[in-house]
Amino acid sequence: MNRTADEQLIYDALSQVVTPPCEIEPAVRLRLAAEGDRRPRALPRRTLLLAAALALFLIIGAAAAGVSGLWQHFWPGADIPYRAVTSPGVSQTAGDYTLTLEDVMADDSGIILLLSLSRADGGPIDPDARLSGHTVHASLLADGQSFGGGGMDNPVLSEDGTALFFCCQLEDHRLFAGETLSGKQLTFTADGVAIPLYSDNALGYQPEEAVSLAPLAELDIPEYDAGQAAADLAHTSIPLPLDDKFPQYRILGGAVTENGLGILLSGGTAQSGDLVCGGVLPEALVDTRTGQAYSLSGGDSVTLSDGTSGMLYTFRDCPLTAADLPWLELEVSYQVDKILSGAPFSLAFTADQSSALALDIQTSVDLDGMSLSLTELRLSALDISFTMDNGTDALSLLLDRGVAPVLTMADGSRISTAWQGGSGAANGPSSAHFQPVGDDGNRIFPDTADIASVSLAGQTVWTAP
340 MNRTADEQLI YDALSQVVTP PCEIEPAVRL RLAAEGDRRP RALPRRTLLL AAALALFLII
400 GAAAAGVSGL WQHFWPGADI PYRAVTSPGV SQTAGDYTLT LEDVMADDSG IILLLSLSRA
460 DGGPIDPDAR LSGHTVHASL LADGQSFGGG GMDNPVLSED GTALFFCCQL EDHRLFAGET
520 LSGKQLTFTA DGVAIPLYSD NALGYQPEEA VSLAPLAELD IPEYDAGQAA ADLAHTSIPL
580 PLDDKFPQYR ILGGAVTENG LGILLSGGTA QSGDLVCGGV LPEALVDTRT GQAYSLSGGD
640 SVTLSDGTSG MLYTFRDCPL TAADLPWLEL EVSYQVDKIL SGAPFSLAFT ADQSSALALD
700 IQTSVDLDGM SLSLTELRLS ALDISFTMDN GTDALSLLLD RGVAPVLTMA DGSRISTAWQ
760 GGSGAANGPS SAHFQPVGDD GNRIFPDTAD IASVSLAGQT VWTAP
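Each number in the numbering used here corresponds to the 1-based position in the sequence shown with 339 added.
Simulated from the structure, these hints should not be mistaken for laboratory data.
Ranges between beta-carbon positions, derived for each pair:
1) I700 <-> S755: 16 to 22 Å
2) P463 <-> S640: 38 to 44 Å
3) G780 <-> G488: 17 to 23 Å
4) T501 <-> G630: 46 to 52 Å
5) L738 <-> I700: 17 to 23 Å
6) P466 <-> G416: 20 to 26 Å
7) D418 <-> T501: 25 to 31 Å
8) T802 <-> D465: 49 to 55 Å
9) G488 <-> P463: 32 to 38 Å
In silico SDA-like pairs for lysine to any residue, Cα to Cα no more than 20 Å straight-line:
10) K584 <-> G606
11) K677 <-> A433
12) K677 <-> D435
13) K677 <-> T437
14) K584 <-> K677
15) K523 <-> P427
16) K677 <-> P580
17) K584 <-> Q674
18) K677 <-> L620
19) K523 <-> S485
20) K523 <-> S685
21) K523 <-> S430
22) K523 <-> D722
23) K523 <-> R422
24) K677 <-> D465
25) K677 <-> L581
26) K677 <-> G606
27) K677 <-> H476
28) K584 <-> Y537
Beta carbons: idealized from backbone N, C-alpha and C, even for Gly.
Given only the sequences and the hints, what does the whole structure look like? Please build it.
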């Protein structure tokens, strides 16, 4: 949120006021109902100015904190520090849908986006609609570069059924030593709107019928090492269960690998009506004599002599060989999306409000005979991290010992943190990242202005001035 110089002065002054949390909208409605019959009266100019300042404070706080309740959909009861939230309010209509970026909370290495998706005509939205699936994807760009790993939480349907609220959480622990998302041009993109199809406990949509591998038993099944020419693997073409919709996908052959019996499936992307499939995965190799099912372990990409691309899949702890093929079946799942809209979204914004602090601490912490040389501490509502000069050995030690920072708040309460990851060089600087959690292990979002001190391994590393 951009403020004028006067607004900033008012904001800075009123930010020092400590008020108990409250739901603003119900309170305002009650007050209006109580005063509905009262006649207005003139107020002194000083009172009007103070009221205007308070109104501005409430507007700023309400917009930044997302008092619409969106955060509560994903973290019920969480106290979200309004100073850490930006409300871009950017929106785009593409095809039959409108996507709005409601709120953003960001620091140097992570970001949470709260979005709403609705139909452009205002009608009810399919609760199964998604911004990412098997073939459609959502991503975040920072100054044009892909940012972070993570993804979407399951969306929440609005009470009136006309909107879906999405929470997108992304992290990139490679950002440290002064890098930050603040000031970067951020762009959230989504390929469209789709319904990813899944069967229960499956990798995608799994037809009920399995495919007999008996035809492979009539062939000479070769041995195969990763990297060798794969021409000899293209022995046959066995149709899969959804051959009427996706005839492109077939069983092409088999091979004996160092990981056991492998089955070769064709790949690629195919479309049938409003269904788009990104490929077929084996769910399990089943021995019909015993009913034993062997789950997918891994796969190697191969290119056949005719240019056909395929994947040679192997199965976990599978003792079966080519001699067992007459009694084997393959269960498969299709990576299918039902496309509701193929019109892409692109929302550009900046995360210009953050309560993150970067602190030069230059201190040492003794842990199991190693002296951790801490050089920087970063505090935010999303992440507690510090930089060390001890390389990646220090990261391994922290992880192995389960050592994490503890926050002491101004009211004397203490907040634990949980390991989230780290990065760095073997013999150079490294950074360790931790997430604040409550007593129940659920994520919480501390206000950095209320952090009184930070300790690590029982030793205080920073105290607020």
